[in-house]
Amino acid sequence: MHKKIYKFSKQILVILVLTTAFSCTKEENTSNLSETIFVRHKDADMPAYIHGNATDNIFLIMLHGGPGGIGLSYRGPAFDVIENEFAVVYFDQRGSGMAQGSYSEEGITIDIMAEDVLALVQVLKKKYGDDARFFLMGHSWGGTLGPAALLKDQSDFLGWINVDGSHNTKGLYAAYISNFRRVAAEQIELENEVSYWNMVFEIINSVGTQYSKQDMYALNSEAFEAEYTLEQTDIINANVESDYNTILNYNLLTLFWNMLNTQSILDDDLFETIDFTNRLSEITIPSTVMWGSHDMVVPINFAEEAFDNLGSSDKSLLFFQKSGHSPMFSEPDLFATKVLEFMNEHKE
Amino acid sequence: MVLKLRVLIPSMLLLWTFGTAQDLEPTRSTADLSNSTFLERTEFKVAYSGNIFWNNGLNFGAEYLLVENKKVKNRKRGQRTNTHEFLLNGTLGVTTNFSNQTDTGIFTNYGMMWRRTNKKNKQFSIAFNPLGYYRSFLPETYEVIGDNVEKVFLPGRGYYAPSVTVGIGKQRKGKKITGRYFNINLMLRTPYNAGTLPAIHLQYGYRFNFKKK
Chain A
1 MHKKIYKFSK
11 QILVILVLTT
21 AFSCTKEENT
31 SNLSETIFVR
41 HKDADMPAYI
51 HGNATDNIFL
61 IMLHGGPGGI
71 GLSYRGPAFD
81 VIENEFAVVY
91 FDQRGSGMAQ
101 GSYSEEGITI
111 DIMAEDVLAL
121 VQVLKKKYGD
131 DARFFLMGHS
141 WGGTLGPAAL
151 LKDQSDFLGW
161 INVDGSHNTK
171 GLYAAYISNF
181 RRVAAEQIEL
191 ENEVSYWNMV
201 FEIINSVGTQ
211 YSKQDMYALN
221 SEAFEAEYTL
231 EQTDIINANV
241 ESDYNTILNY
251 NLLTLFWNML
261 NTQSILDDDL
271 FETIDFTNRL
281 SEITIPSTVM
291 WGSHDMVVPI
301 NFAEEAFDNL
311 GSSDKSLLFF
321 QKSGHSPMFS
331 EPDLFATKVL
341 EFMNEHKE
Chain B
1 MVLKLRVLIP
11 SMLLLWTFGT
21 AQDLEPTRST
31 ADLSNSTFLE
41 RTEFKVAYSG
51 NIFWNNGLNF
61 GAEYLLVENK
71 KVKNRKRGQR
81 TNTHEFLLNG
91 TLGVTTNFSN
101 QTDTGIFTNY
111 GMMWRRTNKK
121 NKQFSIAFNP
131 LGYYRSFLPE
141 TYEVIGDNVE
151 KVFLPGRGYY
161 APSVTVGIGK
171 QRKGKKITGR
181 YFNINLMLRT
191 PYNAGTLPAI
201 HLQYGYRFNF
211 KKK
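Chains as they are written, first to last, in the working numbering: chain A, 1 to 348; chain B, 1 to 213.
Bound-form chain A, shown alone:
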């Protein structure tokens, strides 16, 4: 037995040295990161799923929609391309996805959630070094949370990417009504799905002119239905398939419970008080505003308003002609190209 051990000891030693050496090289680990860490901040534990190439130590922090959405839902063809060049941090926000914690209803506000984003940056710097640099992207509700975080501290960010996100959720109700009128009139004139768009006219005539939660939900729900109708008439592209493994990462009961609970707490504040329009001038980092031309969920006038009011000297506005609310799914190749162009232009 001893002879056998002695005979193979050299080979075993060589294998151990080689495997240790190759498994620990920084180059291999950072070029294809796949890690999950948690950020503990103000009584919440929030997962950050980090995927992609971090050889340049540049991270794109993705703020999901909702409120109450899930970070990993964005993984798919567009972000696969982005992950090849940069690391993407998919973040389950407070009260969303698999985030957990123990706090009261006062413990979940847009102000605290903005602080959570900055806490995430601190954690990433602790883990990947002080030379780590960041871009911030927000989609839909993430486009509301992004400015809230940047207005607290934008010093760590190389750029801001707003994708169909509303900086002024207080104005959404009125914008829905005028946008539905405009699109319905256009579609009836084009003789596209006339009965549906006539029904849309009936809906907007039945809701009040002032905000009410019930009517807001009805209009928001109809906005998704309207995008589906536009997809059926080939005005916007169908969404590409996202990563099916995502569904295995989230317990559906937990996910929906979190979503309903978080929305029920945040929605009143969201639709009645939040408007960052007058403070967008304070955001001075390079910014790009990307929007689906046929977005019914956050209407297109918010894109122009965001672009006009941002204080950045280096800013751009881009429309995706065959997209609604989520161009990363309806025009993934173009979306990835434009995001990478922006990041590469501003990464130094």
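Because the hints were derived from the structure by calculation, they are not lab data. Just so you know, even glycine gets a beta-carbon here, dropped at the ideal spot from N, CA and C. The reader is advised that the hints may include incorrect statements.
When the alpha-carbon atoms are kept at most 30 Å apart in a straight line, the in silico DSS-like pairs for lysine-lysine are as follows [said to hold, decoys possible]:
hint	chain 1	residue 1	chain 2	residue 2
1	B	Lys151	A	Lys42
2	A	Lys125	B	Lys151
3	B	Lys151	A	Lys126
4	A	Lys347	B	Lys151
Partial list, computed: chain B residues near chain A (C-beta under 10 Å) [as the list claims (entries may be wrong)]:
hint	residue
5	Asn82
6	Glu85
7	Asn97
8	Asp103
9	Asp147
10	Pro155
11	Arg157
12	Thr190
13	Pro191
14	Asn193
15	Ile200
16	Tyr204
Assemble the complex: chain A is given as a structure, and chain B must be docked to it using the hints.
For chain B alone, kept in the frame of chain A given last:
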């Protein structure tokens, strides 16, 4: 014709009801457990516990028999004995989602169980466990307080976690493995985020004991 049916159907129902009714009052008896040892009154159990798609795990437990009542019903087709038991129930479980590292935890529940066993040894049970604790275990976690960032040792959170379980099963008399069961378990975790999180688990397992043969 309609009138005849109106009379005939209730009459048939009455006949059937009285025809199958008990001939005698049921007799009830309570088992004397005072001479039974702890091991004779205790059954242990092990079960799969999870919801298949996301959380999967194991559940270990013990049931201590407090009261056993037998109810003998005399029917025309013979005697039928149903056993009703009240048991102290305690479990210890572990659960994880193999697809990620974000939903791992251990939990323990304590409470009372009522179980009915019929003459075919089929069982129905309801357990209420007001005492429960769930401890989540998280991967690498960093805590941010002001400008200070620290790595957390043994990250996770503890929750009060009462549960209710409803189940069916089959008793196997005289065997080492004394029964099998299928339960649906609802466990709450509170305070979870800004509320109370419900979690549903399916449990399929076996009971066994260490009685001396």
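Any hints from earlier that this structure breaks? Give me their numbers in increasing order, please. Of the numbered hints, 5, 6, 16 do not hold.
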